[in-house]
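Chemist: The listed protein sequences derive, respectively, from chains A and B.
If you read the first sequence in our numbering, its first letter stands for residue 1, the second for the next number, and so on.
If you read the second sequence in our numbering, its first letter stands for residue 1, the second for the next number, and so on.
Hints are supplied without guarantee of correctness; some may be wrong.
To give a feel for the contact side, a few chain B residues facing chain A, derived at Cβ under 8 Å [unchecked claim]: (1) 52; (2) 53; (3) 61.
Here are a few chain A residues that sit away from chain B, every Cβ distance over 10 Å (derived from the structure) [unchecked claim]: (4) 27; (5) 837; (6) 1003.
Calculated from the structure, these hints are not laboratory results.
All values derive from a computational prediction rather than experimental measurement.
Using N, Cα and C, we set each Cβ at its ideal position, and we do this for glycine too.
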Amino acid sequence: MTNTTLPLLFLLSLLTTLLSPQAAALHADEAGLTDFLLRTPGHGHLGVQYGHPLTLGESRQFPPEVVWITSESGAPVAIDGGGQSESARGGQECWVAARNVTDGNVIWRADACSSGRSGNRRHVTLATGGMVHTLDNVGILRGWKVESGLIYDVDVIAQLNGLVLSSKEDAGDDKKSSRDSGYILQTPRLLSADVHKPFIKTVIGTVVTRDKKEYLLMHHSATGEIIHSSSSAAVAALPSRRLLNEAKVKPVTCSRILDLVSNGDRMGVITGHSTENEITLSSMAYTEIRLSSSDDGDKMVYETIHSVPLKTFGEVSSTPLVLSTVRVFTHKEKVYVMGFQNYYSKLIVANFDMNTGKGNGKIISMSTFHPELLWFTSITVEDFIDSGVILRVAGMDGKLPDAYRMDHLVVVGEDQDGGVSLNKVSTKDEGEEGGPQHEALVYCPLMSVSLTAASSEDGTTVVSSYETSSDLRTWSQSPMDGETVLVPPSRGGTSGGIVEYAHLVECKSDSMTGVFTARGGLTIALRVEKNGSSLVLKQLWSTEEALGSISSAVFLDETHAVTMSDGSFNADDEEETALRNLQFSNRIQSQLSSLKNFFVGGGILSSVASMALMSEEKKAERDYAFGFAKISVLLSESMHRIIALDTAKKGKVVWAMNLHPDAESHKIVHGGQISSLNDPHGYGGVHDHELLVLSYVPSTSSIEWKCFDGMTGRIFSNGAVTVSSKIAQIVPLRSSIHHPSHESISCRQVALIVHENDTVSVVPDNARSHSTVDEAISAPGRNGLFVHTVNKQTGEFHAMRVARKLKSSLELGSKAFKLVTVGTALFDPSQEKIVNVAHPQRGEVIQSPSTVLGDDALLLKYLNPHLVVVVTEATKSFLAEISPVSEGGNEIENSFYKSLTTSDGGSSSGQKRKPLGASKPGEAPPSTTSTLVPSLFVTLLDSVSGQILYRVSHAHATESDLTEGVSTKVPVIISENWVVYTFFNQRTRRTDIGVLTLHEGMIDKNGLTAFNGPEQELVFSSLESPKPIVLSKTYGMAKAITAIGVTVTKAGITSKQFLFATANDQVISMDRRLMDPRRPNGELKPSEKMEGLVRYAPLLPIIPLRTPSHVYQVSNVQSISSTAANVESQSLMLAYGGPDVFFSRLAPSKGFDLLPDDFNRGLLTVVVLGMTVLLVAIQRMNKKKLVTTAWL
Amino acid sequence: MTVLTTLIVALFFCILPTPCKSDATPPHATIRGRLRLPDPNAPLNSTRLTLNDGSLTTYTLPDGSFVFHRVPPGVHLLDVQSREHHFSQVKIQLLEEAMDAPKCVEYVYPGATKQAVPHPLELTAHASYQYYEPRDGFSILGIFKNPMLLMMVVMGGMMFMMPKMMENLDPEQKEQMQRQLEMQQDPTKMLSQMWGEFTGTGSEEQPAPVVERKPSAKAGAKTARRGKRD
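Next comes chain A alone, as it looks inside the complex (with noise of 0.2 Å):
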């Protein structure tokens, strides 16, 4: 029997690790199983438009399932430019996405914007007729399709400068000659009209200036090409000077082109004259303009017909608009202005006859709309009906600290002297109180039915439906079916339900959808359909926009909820519960009631199938047990809100809060100065789920801090702490004893913040946290608690110790303590300004102090948590101060028309140029050339004792002329005693990767035995220890980096992986054996050879395979955390700070203690029950001959 068991089980064993295959790159069909992409539009929610292709009037269409989302940098058709508020990221994102209106899905999304790194990006957009047109700032004209993206490309001031200007008056008016390239865009407009006659054309208008004087330019919806003056080819701009002296308007200081008008068949200009941001109605004119075919055949001209001042009386005529509010449009052969009245507490509104230019006008007070109404905001355009135009009035209340929105539905019309009226639809019975107030409305014509939000009393946030009367002049509200809460109550209070935006993007008869944002982000498609009579409301999807602006993360791990033994779970007093399952008898019952399970309920059989086929629910199951379900605590600080994902169920959004709104800076604060991320204990682990944030809210001068559960969101308690100056620093602790859940005001983290000026101060602010950082200062093994500061505006580096006040001791309050310098190191503004610092990964398992070499030597990393890395960038008098004149650009040209000379090919020059850092331990890197002049330093210190660790330069690595006033971005990692930086090479105009890494010294190969030992010191002192030993090289790499990261493993055996975000919209990884410094130049030694060292090329390789976002676009990543599972050879990542989040499992040495998903289950349990079925047939024969032997 065992002489044939024994090779069946070898056989067994071998069909098992040839069952599962370990590849080191993804399968096909293994993609979005372990990882996850969240896309966003990328904007936001400020200044989102949905812009639909809707064709305002007769034509009206939507494009079958599909949406734009268009983003705004400014405002949507600023006229003036000032005023308005540009985002909290400064308005730098200029992403255009299509996305789906039935699932919320992305489709697509591209940069708006021509110019890349710049520091002013700025870009309008416009949807009409199917297409979305973006301008840049800098004059770049481009328009977009859902199905093909780009459509058009066009320089527009690139296109004026080769025209001479319109007429002779102009040529006058300025002195310069015609062929002048004089034209700027100032502020990046849009404009847009229909023409029905004499063919169907819509005509986008964009808006140059030149010496306080602007211009309209046409442009073919299409292609975007210039439409010309029918009179010359070589004319194309329409000065509004002109055409206000031929209305004989009188000039004032500007004169502006206000907005291109059209009804169908006939089309105008409104110009105006204008202070810097003020215009009157009476300083307005109207130009009307005809396209018709030119003579040669298909391209379009245009001629203007005639000019006429736009003329109202009295009040109107003379009270000043805001010019950035100003809207215009047509209905009926009459031209409709409107506008707020400075304060924005009056609306005008007057309408014009477009022969002749004589109108009417009103001036509407705020009480007319609503009681509460503060200030008007907004005017929008929704729908053109017989009797007049469908507008939405925007405005706030005066509700403080949380302003409401409120949206009115207005129609302007013509009343039957030929004036003009405006009448607010509202519900029959509006008393004094005004009716209810809408934060948000959407209105679908074609349906009758407006679709509401509004916040209750509770904090909820409820949709309801109103039907419009046929003369839309009132409305009443219909019920529907379905569940119309929109946002739950807010957590923490701080107004998560105000609905901010609301948008039609999809109306028909039957049915519409609408898309609602509310602060912080969440957005939620609904959409209502006639289902007979009644309404039925249906949520169509929702998503966290806030995802494409994660500032931070933070990963917990994922636990099941801590239930009672007869399953109730008591979600308020968790630990209360988990100590009451600690209880004998719970324990157990429960070891019964899981025995009674697998014997009487189908446990055994489910147990069996389980383990033949991997099913979803064991799959979670493992995921659990194994670490790899997380939840990850987001916080975008743009947007003020934190969003928790869960990555075990494709990035779900498990809770989400909202933050102060009005806070400069929030932070989120987990864990101890020094701790293990899978530290059992949990006390700052991933284990521990208590967090805290921080918000710094400079109008109050205070900080509000939160203490929440990461894995629900449950506030534990909050509070606030006022503050003497802003936070420099913020330093984590953690209380390691437990306190009763139930006690108010108390939080385990504790965070310590040293302040610009600095004072130290303690939040929460109690007896426990102050006995917690006496803790910290007094905790055996190290000499006191120590902080550091980094001012980026005048270089100073301090270090500096937390002491307790004497004469204090008994004293409560954040002035309990005070901060004594050790050391200071200083970055002399005038010659370097700080770019990057970085730390070291907090809590990293690091394996082994040392690494083997190939010679079996002993090279002793440089382990030091108080590492701090500082890049410097040379500023630009410096660098003009210790450069040759005119030296770089010379070099750059020489050496380019020698690259272009000499075609000898092969060997680029990187080959050839002696690496930087290719020397020995110990000896100084070698300078390239003495003509080089470094531009960018990157510092290494002791953030202890302050003192400068290292230091190196490179040369060639700021910013090029192309983008000025724009800092370097330098992105830094520290892993275990391996520092990796990257920086763009001026000089090969490629991205540069340099490595340094850090070493104690070396150990010989007998240096270490039983009676030879190195003297070394025991104890490491940041002050007294030797500097590290600083190996180095640099490498280049094809694509440009923007964020870098490192595999973490749970206890840093498996080999480390760096991963890259790169430009090109991915997250790739690179072995660390590849970048290692001690990759030697020449030939490989066998002892080299032996540990897996690579000669030195001057190129890291890109590989397709080990591409851990394969197919997916990761835009713009700014920062790359990454946890460790509870399997060693799985490492998880999360990529975010661009639009989109990326979550990865990676294993970066294979599987090797985990089998696959893919292995093949069933094949296994076949092959094990036929060699069973074979071992029973093996061991009757055996037994049968044996018989027969015998009786033989």
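Once you have looked at the hints, place chain B on chain A.
Modeler: The following block gives chain B in isolation, referenced to the frame of chain A:
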């Protein structure tokens, strides 16, 4: 303080829209070109292209053509940021005095042989990226290619073959083998025999004829060695 004020001034310049300045700078050039795929019918939807790792960005039109507006003089690296196809990188030099005639050098990959290319650039994809490892399907043949399995098969074969072979052997040979087997199981016996052989003393107990031992001398030595190792 002066530092602070200059910083504030700099900050202001960042926020304000750049008036006039962009036009006062040296002349700009326009770089044009077209991307092609080996298969002319394959779509090339809005592929992003960058100059100098993102200081200028553009996308391809539906026909694959692209244009960079307002390129300042200097040396620029044009890169196609495609996640599907591999294109060459192009270094472009624009001299201030000859803005209309940019000099272009193509690199198939960084560090590769460079070659000059004419200005309206024509870039054809060299290859498409493979992000997935092809899955080798389960096949019986694949299993048998494994050396371990081959060994297993041979061993298994031997297991069944050996008894048959034994039957076919001469009775003398069989006896010999059995003795060897015995010795294998009892190393002391073998050692003593060996000792006897060397000294010539132990031959009384084992009157094995010399002739008979000869053919199996090798095998004996082998077993002896193996025994030692055990």
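Chemist: Does each hint fit the structure? Answer for all of them.
Modeler: Going through the hints against the structure:
Residue-level restraint check for residue 52 of chain B holds (minimum Cβ-Cβ distance to chain A is 6 Å; threshold 8 Å). Look at residue 53 of chain B: its Cβ gets to within about 3 Å of chain A, closer than 8 Å, so that hint holds up. The interface hint given for residue 61 of chain B is met, as the beta carbon of that residue sits about 6 Å from the closest beta carbon of chain A, less than 8 Å. Listed as a non-interface residue, residue 27 of chain A fails to keep its Cβ farther than 10 Å from every Cβ of chain B; the least gap is roughly 5 Å.
Annotated as non-interface, residue 837 of chain A keeps its C-beta farther than 10 Å from every C-beta of chain B; the closest such distance is 18 Å. Even its closest Cβ contact with chain B, about 36 Å, leaves residue 1003 of chain A beyond 10 Å, as expected for a residue assigned away from the interface.
Taken one by one, the earlier hints fail for this structure only at number 4.
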